[in-house]
Amino acid sequence: MWFKGYKLPNMSSLLIWGLLWEITGQLELTFFVPPLSEVFVTLFNIIGTPAFTKALYETAVAFLGGVFFAIVIGIPIGIFMGRNRLLDELLLPWVNIFVSAPLTALVPVLMVLFGFGLKSIIITTTLFGIWIIILNTRAGVRQINRSLIEMSTSFGASPMDAFTKVYFWAALPEILGGVRIGVIRAVKGVIIGQLLISIVGFGALFELYASNFLMSHFWAVLIVLFALAFTISEFLGYLERKVSYYAASR
Amino acid sequence: MVMSQTESAFADAQSLEQDIAVSVQGVSKNYGAVEALKNMSLDFPRGQLTSLLGPSGCGKTTLLKIIAGLLKSDTGKIIVNGKPVTGPGPNRAFVFQDFALLPWASVMRNVAFGLELRGVAKSEREDKAAKYINDVGLAGFEGAYPHELSGGMRQRVGLARALSVDANVLLLDEPFSAVDEQTRRKFQEDLLALVANENKTFIFVTHSIEEAVYCSDQIALLLPRPSRVHEIIRPNINRAIGVESIRRAPEYLDIVDQIWASLRAYVE
Ligand SMILES: Nc1ncnc2c1ncn2[C@@H]1O[C@H](COP(=O)(O)OP(=O)(O)O)[C@@H](O)[C@H]1O
Ligand SMILES: [Mg+2]
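Residue numbers (the UniProt record's numbering), protein chains in the order written: chain A, 1 to 250; chain B, 1 to 268.
Hints are computed from structural coordinates only; laboratory data are not their basis. From a predicted model like this one, the values you see are computed outputs, not experimental measurements. Check the hints yourself; a few may be wrong.
[Unchecked claim] If you anchor each label on the Cβ, the simulated ranges turn out as follows:
1) Ala178/B - Lys7/A: 37 to 43 Å
2) Thr104/A - Gly32/B: 44 to 50 Å
3) Pro224/B - Glu89/A: 31 to 37 Å
4) Glu244/B - Gly237/A: 54 to 60 Å
Beta carbons are placed, not taken as given, at the ideal position from N, Cα and C, and that holds for glycine.
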């Protein structure tokens, strides 16, 4: 961001919004928005408590599980769809439906199928993240230079070699982009899962704080969640930039 | 090289029952309604460089890919070293017009990639690759990435990769079309040295008449609609007279003119 010719440090827009938040809170316009400073005080008070660490742990397990399956299932499906016309025509309509479907509406069905525990929450998380990973991987594979494929074929690449040594790497910039968006969607998935399926983790904290009108607690947990999602997304963005040197010259 | 009378007579007799490395027999290929190749037959003598010369769209790439086993022909067959081709094989290596390098891999890994796919152990394939990186004049660039290299250097990587798998037939699809004229001439010299030293059969696609006449032992002149071999020309250029003299030699210029006359009707 630039201001009157000066380059402002990254994320200085956050400072402006933070300031606005603080002022709104100090004016006591609504109980819904307590001052940001109060939120941070609450944040430091709850962050070490057993209730919080337990919630963080439960959420992390469900989130990492869900993201793991979204990635290890999504990437191969995307590669196969990009390579195989028949599979692509079979699956693409479904992927397109699910990528934009209101998945929250499916959660009750998942509960019936898979019970009220961690399993359903992980599946919900996977379902939120996987579709965009499939679509991006597919797009990445479809734009692979034909002659790279012919090159590996002409030197006798086995299908497995072609998959792991050419397709995956050639599509990596798009795959990472898909994973980054998928991970952000999975954050949404894990919280919705925890709210709807079984009241555990951050979902339980949100439920507890919101129903007791503990707004500064509510915002404190939301800020933690945002910070975690932001860190992961920045890390994936960093990986994406690391492969961008060849994204342009494939 | 000076040959005695009997020796050269003997060589001529031998060339009559020449050792054929690659034989194209009655090959046709259609892309939907487009007739890319029609009943084409052509022999490629072992240890020589044969150019496929013709205007673009006449099926040169298609023929080369069929020989490589990358495309299936509709009719006819390809015989390489006496055996029919059913797919890609270790006796043929391809050099691509657009280089086809792995952009995420170093020069070393790219050159060794053919060997890597054939399951050669890392230290062994890197030794071999290092030799060919050196041979094509890229010593010192082993750790560089394709985007850091010029077009000419990238094609040297592609060439080194094809050489390192030690196939006895090299298929080159307009390998020099994306490099500048100076580099191109240097490449032609290097290619001639390879033909002389490596005892491999080179099948070389080009649309440059001068390049074909300058480099080839044999030129197959292809014409489109329907694509067929119009003429086989053996330039027999005496290369001993030196690069500059060749490009001014009457027999060189005559052959260039003769080919141009055959092609003119199709280009206009
Ligand atoms: N994959 C393809 N699908 C349809 N037509 C093709 C395909 N590849 C080549 N052709 C057509 O076949 C003809 C020969 O192509 P090609 O072998 O690439 O010629 P050249 O290499 O001599 O320029 C051209 O008319 C081209 O348009
Ligand atoms: Mg071509």
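Status of the hints after comparison with the structure:
no., hint, in the structure
1, Ala178/B - Lys7/A: 37 to 43 Å, "40 Å, holds"
2, Thr104/A - Gly32/B: 44 to 50 Å, "47 Å, holds"
3, Pro224/B - Glu89/A: 31 to 37 Å, "35 Å, holds"
4, Glu244/B - Gly237/A: 54 to 60 Å, "56 Å, holds"
Checked against the numbered hints given earlier, this structure breaks none of them.
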